[in-house]
Amino acid sequence: MWTANVPERNHVGGSRMMQVLKHLGLFRRFVVQAAVRETHYRMNLITATMVALVQIGLGLLPVFVMFQFASEINGWSRAEVVAMSGAYQMVSGILTTFVRPNMMYLGRYIVRGELDGVLLRPVASQFFVTFRWINLAELVHVVIGSALLVAGIALSNARPSIVDIVQAAVLLLCGVVLVTCAWSAAMYLIFWMQRVYPLIMMFQSVLEAGRYPITFFPALVRVLLTCAVPVAFATTFPVQALADGIGWTPVVAGPVLCLVAVWLLRRYWTYVLRLYSSASS
Amino acid sequence: MSSSPDAKTWSDEDRELRGQRMTVVRPLRVLARLIAINIGVSLIYRAELVLFTLANLTIPLISLMIWHAALRGGARLPVDEHYLGTYFVVLGLVTMLTSSWMMGELAGDIRLGVLSSWLVRPSAAWLRYVANNLAEKILKLTIVLPVVGILWWIYRDSVALPSSPLIWLAFLVSTAFAAILVFALDLAAGALAFWFDDVSALSQAKFTLSTILSGQVVPLALMPAWSQTFVDVQPFRFMVSFPIEVLTNTFSRGELLGGLALQAGYVVLFCGLAWLTWRAGVRSYTAVGG
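Protein chains in written order, with the working numbering: chain A, 140 to 420; chain G, 306 to 595.
FYI, nobody ran anything at the bench for these hints, they're computed from the structure.
Yeah, the Cβ is synthetic: ideal placement off N, Cα and C, and Gly gets one too.
Errors might be hidden in some of the hints.
Pairwise CB distance ranges (calculated) [said to hold, decoys possible]:
| # | chain 1 | residue 1 | chain 2 | residue 2 | range |
| --- | --- | --- | --- | --- | --- |
| 1 | G | Gly418 | A | Thr409 | 43 to 53 Å |
| 2 | G | Trp500 | A | Met189 | 17 to 27 Å |
| 3 | A | Arg181 | G | Ala585 | 32 to 42 Å |
| 4 | A | Thr186 | G | Leu477 | 39 to 49 Å |
| 5 | G | Gln533 | A | Ala293 | 30 to 40 Å |
| 6 | A | Arg413 | G | Leu424 | 49 to 59 Å |
| 7 | A | Val302 | G | Arg381 | 29 to 39 Å |
| 8 | A | His179 | G | Ala510 | 17 to 27 Å |
| 9 | G | Leu578 | A | Val257 | 46 to 56 Å |
| 10 | A | Thr188 | G | Gly563 | 41 to 51 Å |
| 11 | G | Arg584 | A | Ala293 | 54 to 64 Å |
Far from chain G, by Cβ distances over 10 Å, these chain A residues were calculated [claimed, not checked]:
| # | residue |
| --- | --- |
| 12 | Ala173 |
| 13 | Leu184 |
| 14 | Phe208 |
| 15 | Asp255 |
| 16 | Val282 |
| 17 | Val305 |
| 18 | Thr365 |
| 19 | Ala392 |
Required output: the full structure, derived from the provided sequences and hints.
What follows is the structure, given as structure tokens:
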């Protein structure tokens, strides 16, 4: 219990700018360590590539089957929905590289009491539990996904301008940040639940909806996919920006929402930390 | 003790009768105990069970919404809204009832020698996997049924459930067959760990093949026309799709009976395969640890 009462600032020390630089440096070390670890398991990359190809195939199958019977659904052509599949694979690749391993570890921290060790370190604890573990082999998904996205856009005869591409990139990044926040928020339920895997599975199942344009879903689900599990920002909006242009409203709203989400998540973390009573001592 | 020939015949016959009863009754008693133990263990992590089950229901729900959008968006599908509604509302239930998840566990038990302590017990070692399967399904059913009920209510206009009790009976029979089929395939594939150290690639391949060919990704009725003949007779169809097809009530009597017969044939075939692999594996088994 005592750990929660020690403000994090006391651990860290230094000016705000110094802290940011220090944490960026730490993140760089995490990446380097992950790269070294990856060289120990070289076959892993081949497995990851095969799995990525199979997942792309599984994701594309319904799309191709569906467009046997229609040339356009709710204003979306086949090529555009294929581009959506690519965007989804990219985003889920980023998440499985940088976020998922940490979510898997979260259970260990809480159940085995290893969070004690995290809280004692001179780093921001939330930063540490969110970014410590990286699985670089999963970046294969990002490579294959982006190829599919480019191919889909090219086939759709859309000719996005530089502005469209910048907008799409901003939206996709915001989407990743927002989904990460939502995922973390769901994962912090571990402080009450003890078992981490079902939470991950549940979240990833809902995320699957991001394969399809949100206009395919009923109004209520659309709200859910924009606000609660904001995967629309990560997949539908970027592809829309590339295919038809999307305007500046969501591009401005995205970063603002990200700031709000990160702020809320930080409040949430300090709250759940107060519930944590070390399991190791 | 003096024994008349008469008494001797009696006791022999008695022993034989007892033996016969024991080969049937004892495994069932063991199974019942194991199921009770498994239920107890699963009940420790209730929230986990609920979330797992809900997660598995999410994907069919997404599919349902997507295909409805396709229909409303003007796609000319070879099936109507009722077929799709019924298919995807029931899909989650049938997938749960017919699933098997023992392959990784069995492979681990074989590799690590855990199986040894089960092989020396006076009951079939694979009963333990049957018990785990049935126990979790009993518990999951208490979660899936209400959820499917709610889905059915939300989509009641596009779900057409049959009224004939015979169709429901056929549905139950074919679901049971499907569950046995999936379990037997899982047992046979997992038992390959008697000879190979790592069956995870095989497990992945089996998963991919079965999710597509059993109709979990796309209803088999929507598969391209050129693949239809193959899709209709391959065994994976009878692991998930066929029971749901029975319930959508699109079969003639002949088609229904023919399908059930083919499914029963696959059950015999796959159980035989599982039995052969298991027996050969156990005989060649030299495990460490235990």
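Tested hints:
no.: 1; hint: G:Gly418 / A:Thr409: 43 to 53 Å; result: holds (47 Å)
no.: 2; hint: G:Trp500 / A:Met189: 17 to 27 Å; result: holds (22 Å)
no.: 3; hint: A:Arg181 / G:Ala585: 32 to 42 Å; result: holds (35 Å)
no.: 4; hint: A:Thr186 / G:Leu477: 39 to 49 Å; result: holds (40 Å)
no.: 5; hint: G:Gln533 / A:Ala293: 30 to 40 Å; result: holds (32 Å)
no.: 6; hint: A:Arg413 / G:Leu424: 49 to 59 Å; result: holds (50 Å)
no.: 7; hint: A:Val302 / G:Arg381: 29 to 39 Å; result: holds (38 Å)
no.: 8; hint: A:His179 / G:Ala510: 17 to 27 Å; result: holds (26 Å)
no.: 9; hint: G:Leu578 / A:Val257: 46 to 56 Å; result: holds (50 Å)
no.: 10; hint: A:Thr188 / G:Gly563: 41 to 51 Å; result: holds (43 Å)
no.: 11; hint: G:Arg584 / A:Ala293: 54 to 64 Å; result: holds (56 Å)
no.: 12; hint: Ala173; result: holds (22 Å)
no.: 13; hint: Leu184; result: holds (15 Å)
no.: 14; hint: Phe208; result: violated (4 Å)
no.: 15; hint: Asp255; result: holds (24 Å)
no.: 16; hint: Val282; result: holds (20 Å)
no.: 17; hint: Val305; result: holds (30 Å)
no.: 18; hint: Thr365; result: holds (15 Å)
no.: 19; hint: Ala392; result: holds (25 Å)
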